[in-house]
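Build the full structure now, drawing on both the sequences and the hints.
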Amino acid sequence: MKKWHGSLLICDDMSFTLTGKVDLRGVYTSDISIPSAGIPISQLVAYVFVEGDLSELPTTTVQVEVSVPGAPPSTLSFPPHVPPGLPGRTSWFLRTPLLIQHIRLQPGKIVGTVRHGDAALTLHGPWVVVTS
Numbered sequence: 002m003k004k005w006h007g008s009l010l011i012c013d014d015m016s017f018t019l020t021g022k023v024d025l026r027g028v029y030t031s032d033i034s035i036p037s038a039g040i041p042i043s044q045l046v047a048y049v050f051v052e053g054d055l056s057e058l059p060t061t062t063v064q065v066e067v068s069v070p071g072a073p074p075s076t077l078s079f080p081p082h083v084p085p086g087l088p089g090r091t092s093w094f095l096r097t098p099l100l101i102q103h104i105r106l107q108p109g110k111i112v113g114t115v116r117h118g119d120a121a122l123t124l125h126g127p128w129v130v131v132t133s
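Counting in this note's numbering, the sequence shown runs from 2 upward without gaps.
Each pair of labels, with its calculated beta carbon distance range:
| # | residue 1 | residue 2 | range |
| --- | --- | --- | --- |
| 1 | G118 | T20 | 31 to 39 angstroms |
| 2 | D24 | D54 | 28 to 36 angstroms |
| 3 | G39 | T60 | 39 to 47 angstroms |
| 4 | V130 | P85 | 37 to 45 angstroms |
| 5 | H6 | P85 | 17 to 25 angstroms |
| 6 | D32 | G89 | 37 to 45 angstroms |
| 7 | G118 | S8 | 18 to 26 angstroms |
For the record, the hints were derived by calculation from the structure and aren't laboratory data. The beta-carbon is built from N, C-alpha and C at its ideal position, and this holds for glycine as well.
Printed below as a string of structure tokens:
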């Protein structure tokens, strides 16, 4: 997993268009400010991007986990996916949303983890902060 890298975006909502594009709405570009600890929210969407060199293409299940303060971790597992063999392609990718619903936000950092075998890649999201 030496050549894997990734990103974690947090937003309020998302959808897929008919042409396969992703529309992310309400993307948090810095801290998520809440008026008090334990504030209830209906949902957040974590959008995970992971990319790696084709020489490190996953051969077993890849697990994606996102931890939001005040909520149990959200996880998804994916079987290995071989991208189409196009001339010049040197990397594979995984891009997926995780829906996190009905939580009471607490202060702390949102963190993602991508696991493959016994290796793990940590993805850093925004902080949740109380601004009262």
